[in-house]
Amino acid sequence: MTMVNKIEREFSTEESLSVLNPYVREWFTKNFAELTPPQRYAFKLIAERKNVLIASPTGTGKTMSGFLSILSALFEKSLEGKLEDKIYCIYVSPLRSLNNDVYKNLSRPLEGIYGLIRESKGKEIITGNIRNVTIGVRTGDTTQQERRKMLSKPPNILVTTPESLAILVSSSKFVENMKGVEYMVVDEIHELASNKRGAHLSLSVERLQDISEKKFVRVGLGATLHPIEEAAYYLVGTEEGKPRPCAIVDTSMVKKMEVVAISPVKDMIYTKESKIEDEVYKEIDRIVSASSTTLIFTNTRSGTERVVFNMKKRLKYKPEDIAAHHSSLSRESRLEVEGLLKQGALKCVVSSTSLELGVDIGTIDNVIQLGSPKSVSRAIQRIGRAGHTYNATAKGEVIVLNRDDMVECSVMLDAALNKHLDSFSVSHNPLDVLAQHIVGMAIDRKWEIKEAYNLVRKAYPFSTLPMEDFLSIVNYLAGNYVGLESRRVYGKIWYDKETGMIGRRGMFIRPIYMLNVGTIPDEVSIGVFEISSKKWVGNIEEEFLSRLEKGDIFALGGKLHMFDHATGTKCYVSPAMSNTPTIPPWFSEQLPLSYELAERIGDFRGRLSKELERMDQDAARSVVSSKSQVKIPERAQAILDSMPINENAKIAIAKYLTEQLLFAGVVPTDKLMLIEYTRDDKTEKDILVFHSIFGRRINDTLSRLIAINLGVVLGQDISIAINDNGFVISLEEETEIDEQTIGQLMKRVVNSDVEAVLRGNIRNTEMMRRRFRHVASRSFMILRNYMGRRMPVNRQQISARILMKAAEEIDPDFPVLKETYREIFEEVMDIKRTKELISRIRDGSVEYKFIDTVSPSPFSHTILTFGHADVVLMKDRNDYLRYLHGLVLKRIGVKPRSKARGQSR
Amino acid sequence: MMLGKDIELIDGKPIAYIKSIKALVISDIHLGYEAHSARRGILVPKVNLASIEKMLKAAVNGRTADVLIITGDIKNDFSSVETEELNEISDLVKFARGQNLKVVLIKGNHDNFIERYNRSFGMEVYSGPKEINGYVFFHGDSVPKIGKRPKMLVMGHEHPSISITNAAGRKESVKCFLNGKYKGIKILVMPAVSYFAGNSSVIHADRMMSPIFDSIDVESMHAIALGYGETIDFGPVRSLRLADRRAMGARL
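As they're listed, the protein sequences go chains H and P. This note's numbering puts the first residue of the first sequence at 321, with every later residue one more than the last. This note's numbering puts the first residue of the second sequence at 2, with every later residue one more than the last.
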């Protein structure tokens, strides 16, 4: 029997209530008519002191399901007069706003239950030392005074964030208050399990378990997650190499959904953009005016702003009826919007991702999603915000914005209704996170190295950590990469190889840890303004700004701008008279398309195009040219009719695929990668469009792998633009490409050593520089906060460049470099699945086809319009200086003396 | 590559070799940079000294040299001499001695207080320009007084580089020498040998750092770039600026 198992049978109400203390039970039955689905499992399981993971949508009484049995146990203690001033339960949530919610939502039952006890016990309250259970919040916002108070009189339930917890476990005084912890509740576990922040928390929790006198009960709360067992492993960690036991309660699918993808027009290509926009807002207006409160999700912060602006301007919504809510807004204005929502005072609120998470927002009738949210789980989560109770049906409309979006959203909603979720994976062995905790542990006390290693391995993300990696971080932290005399400055810990002990070095290391702990990198956003009109165009990140020089052209908000100058946190631009950005926007606000969803889209395209192919040319032409109804084969129509989409969308999808078939004779699918050699009319450059529908992370990996191999074959630098539906490779020099070249290229690709090829090249990319900075600052190699100074981001960035060069010089496997590569390979790219795909190409189960077109095929259009760009440089060639010289000569009109040497390898 | 008959710019390295005076010339070392960064919270591993030693070792090999001339800024910190700097300067001098090189330092603006410690180092230190057989060496933070017509002026301070927009639209920066004329006298501006020192692109600079350029036609100076194992004359700054405008224009 596995120790982690799904609980299939719910307990009866009587069973569930019988485990509660009578006062707690009385309060509950007075306030609630019935138990919600997760409560029917969780009350009893937690009362039995089992570790429990609860996956359930917001609004299903999840918080109460996790807490009520804990409150019951604490009141039992109180009634025995044994409730002390110490912490019994710690609640951790990644969101500060959620902390305040939970504080409020628990204060009410505490008052209520204690009220009942007071009524019944009277004076005995004092004689019997029956105290109320206390609760307190500790975050980065907590004042010094409150902290001092909390130290001498800690609350029974401590509500905190992962970062604050990491600080608390290293505070020698405060730790005394936490030794008696019996319950650990981790909320929004789906926001933590998959990333470094979660890996960080998992180590804090194991460190806390290590100093605790008792083995605490772990309760995890989250939304839908797949595979859910993986989330359970994350929650409970391991002991002696085996997962600790955990019961899984999965009621994430209790809420019924009614969803539809809506195409605002029948034809998304020949309808003018302004007309499409008009229709989108008409559609929004129709839905919003028919409901009392609508929540609109966009995919970017700038999108959110634009929708609010347009609803006020075009649809004449009054400022008091509509509001924006996104992470760039101040905390006060977000809280105000949340407050108004709870009162039901808003007609409509527009958000990017910030309202997707569990903040209590009252009742929402309808959710509108503009454009694809890129993953099935996210779609379910967002739409699930609609509907008053868990019994109600969540109603959602997804309005699509272009043709690829339309296919994507249709398939996504179909998957959502059939409960096919995207999978997530835990961040495994992040060395930068480990570095922080080793410093933290060394601050607490001296450790025998093996003992420290064993503790670390109890956290699930580190359960497979090799001793070798652990030691490399210890050596790094001990400053063993510099001479003995400099270790006083570089070393954060000491490591005595003779005795195998580690400990803290110097007195400054404690403040360094406290001020720099955490995994979220600093990013400052800079407002971009039109220089003549002073109109706001959007925001860029400070790091991006630091790369801009006068005259550089970059894309923002769907337009190109030329950089003029910057002052403090403002950046001024003028409209660019050009088609090509000179600076690639390497960071992208856009969410990436998930692998599972991409594959389903490929499959759908395959099934539908197979039926559409049965039409003859004339029939196909009439589908494409038809202005209203289209006539397509019955089985094709049946496929479309089975999808949750409106009539316009059916017509538009049929036209889109038919047009591609007519033009190119083939539709790219999950079994067929289309490689199209064509010419970009705008830039007048030859391009290769790879139609590869395997998700953005694979495209991110595969595009580089292909570009590097092509660069080697052709001996030139190559720019790439990556998109969810494929990627584009631009050829700078005139090059003839035919089926044979592609055959050679693909042969090289399927036979390459993926890691080695990528590693050799990625170091020259923007992404590497940026990620290295994050990893270096997480590893305390760049101290963002040091000696009372905060280092500005652009200085961090310049430093990171120097650091990277120096680290490479001393050891290509320097732990901070190694972690940067790991993060890129596993968290940005998807090297594992890319390798699987390559082996499928090798064995022929995924085919590729080369076509040569005079102008880009219909499926190329969105790939060409929206991509995030990067460059693959052939810098490793030893005649690179000569190559640069050749470029200069060409530009001033001089022929290089020996052209052959300049171009060949 | 050779610059005239007497000077060799060693391939791929920011080092000049002057045959007639058996001298290797380098500039702007900025020792102690890593320690300086570390004190500000950026823990840069130490690589500068080691990389310079490696380059010098290769340069000595096959050439007859008995003096190492440093045209300023052997160290990094303006305000004092830090322990780390002392250690590294001492190591560098020891290394040079091991290669049978005498060290001549022309003081740069970062080299304050160096005399105080020099007794243990035993370098020849000059605070103004130093003439050796018709070559005048100086740092370049101020305009030197020049006596009888020298063969050539050699200076540092500027950290010159050029940045070329590559075919993919990205700017690639490489260090360079600048070779030209100051009031009719030949002048050679040395690239910084430091692993870390920031480099200023002569193509994009509105203004040069050294005041001496007020009397030099920078546009006519040749930028001799180095890197990737080679040293190549990229031609006059004027044509590099033209090529840069064209490269930008091509993308407009």
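Hints are supplied without guarantee of correctness; some may be wrong.
Claimed, not checked - No farther apart than 25 angstroms at their CA atoms in a straight line, the calculated lysine-lysine pairs in the DSS-like style are these:
1) P:K20 to H:K1005
2) P:K172 to H:K1210
3) P:K172 to P:K23
4) H:K1125 to P:K152
5) P:K182 to P:K149
6) H:K930 to H:K586
7) H:K870 to P:K149
8) H:K1125 to P:K172
9) P:K149 to H:K1125
10) H:K576 to H:K534
As the list claims (entries may be wrong) - Residues of chain P clear of chain H, computed beta-carbon distances all greater than 10 angstroms:
11) S52
12) S81
13) G129
14) K149
Because the hints were derived from the structure by calculation, they are not lab data. Glycine residues also receive a C-beta, built at the ideal position from the N, C-alpha and C atoms.
* To do: Quickly compare the C-alpha distance for K930 of chain H and K586 of chain H to 25 angstroms and report which way the hint goes.
  => The given pair, whose Cα atoms are some 22 angstroms apart, holds under the 25 angstroms limit.
* Asked: Given the hint that K172 of chain P pairs with K1210 of chain H, does the C-alpha gap stay at or below 25 angstroms?
  -> Cα-Cα ~16 angstroms, so holds.
* Asked: Going straight from one Cα to the other, do K870 of chain H and K149 of chain P come out at no more than 25 angstroms?
  -> violated (44 angstroms)
* Quickly compare the C-alpha distance for K182 of chain P and K149 of chain P to 25 angstroms and report which way the hint goes. => This hinted pair holds, its Cα atoms lying about 16 angstroms apart.
* **Distance restraint between K149 of chain P and K1125 of chain H, which requires alpha-carbon spacing of 25 angstroms or less** => Violated, because 44 angstroms separates the two Cα atoms, which is more than 25 angstroms.
* Asked: Beyond 10 angstroms from chain H, beta-carbon-wise, is S81 of chain P?
  -> holds (16 angstroms)
* **K1125 of chain H paired with K152 of chain P [C-alpha distance capped at 25 angstroms]** => Distance ~38 angstroms between K1125 of chain H and K152 of chain P Cα, so the pair is violated.
* To do: Could you grab the alpha-carbon distance between K1125 of chain H and K172 of chain P and see if it respects the 25 angstroms cut-off?
  => OK: K1125 of chain H and K172 of chain P at ~18 angstroms, within 25 angstroms.
* Could you grab the alpha-carbon distance between K172 of chain P and K23 of chain P and see if it respects the 25 angstroms cut-off? => violated (37 angstroms)
* Beyond 10 angstroms from each Cβ of chain H, as asserted for G129 of chain P -> holds (32 angstroms)
* Asked: Are the Cα positions of K576 of chain H and K534 of chain H separated by 25 angstroms at most?
  -> violated (41 angstroms)
* Asked: Any Cβ of chain H at or closer than 10 angstroms to S52 of chain P, or is the non-interface label fine?
  -> At roughly 7 angstroms from the nearest Cβ of chain H, S52 of chain P sits no farther out than 10 angstroms, so the non-interface label is violated.
In the structure shown, a violation is registered for the earlier hints numbered 1, 3, 4, 7, 9, 10 and 11, in ascending order.
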